[in-house]
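K.L.:
Keeping the supplied structure of chain A fixed, place chain B upon it in accordance with the hints.
Number of protein chains: 2
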Amino acid sequence: FAVGVSCRCLRTPSTFIHPRQFKRLEIIPLGAHCRQTEILITLKNDRTVCANPNAKWIKNVIERVIPKDNQKVQE
Amino acid sequence: FAVGVSCRCLRTPSTFIHPRQFKRLEIIPLGAHCRQTEILITLKNDRTVCANPNAKWIKNVIERVIPKDNQKVQE
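Chains as they are written, first to last, in the working numbering: chain A, 46 to 120; chain B, 46 to 120.
In isolation and in its complexed conformation, chain A is listed as follows (with noise of 0.2 Å):
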């Protein structure tokens, strides 16, 4: 499928990934750029890896690691 020529994710699978072996998980919304919104994840090894943002897995990961609310973070 075609996807427009600045985006950064040629293919966004689908394969989930552990959060333990997140270095970073960047969000590139959509815009006049790329017609689609990004997930890049950087594992700890390094390697760069798109995912796909309408896979069910990256909500959860992302839930998991965004502290809750309720959970104070050092204050």
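FYI, nobody ran anything at the bench for these hints, they're computed from the structure. It is possible that part of the hints are untrue.
[As the list claims (entries may be wrong)] Here are the computed lysine-lysine pairs in the DSS-like style, where the Cα-Cα straight-line distance is at most 25 Å:
no.	chain 1	residue 1	chain 2	residue 2
1	B	K68	A	K101
2	A	K101	B	K101
3	A	K68	A	K89
P.N.:
Frame of chain A, contents of chain B only:
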């Protein structure tokens, strides 16, 4: 308050930033380098700001940016 030496955010303001201003949102899970999850937002003017991962608006914004499971993006 004290944060790890390698944390990227010294302050994590809870101020709302409209997703229209986002160029990129980075989630850095807590780890050996920093004992709290960090959220860095790169704005369209290329400034990078930190956001409080405990702020409610952050979750809502991420949910807004990520397409809903049933909205299929170009296939």
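K.L.:
Could you tell me which of the numbered hints above are not met by this structure, giving the numbers in increasing order?
P.N.:
Of the numbered hints given earlier, the structure breaks none, since each of them holds.
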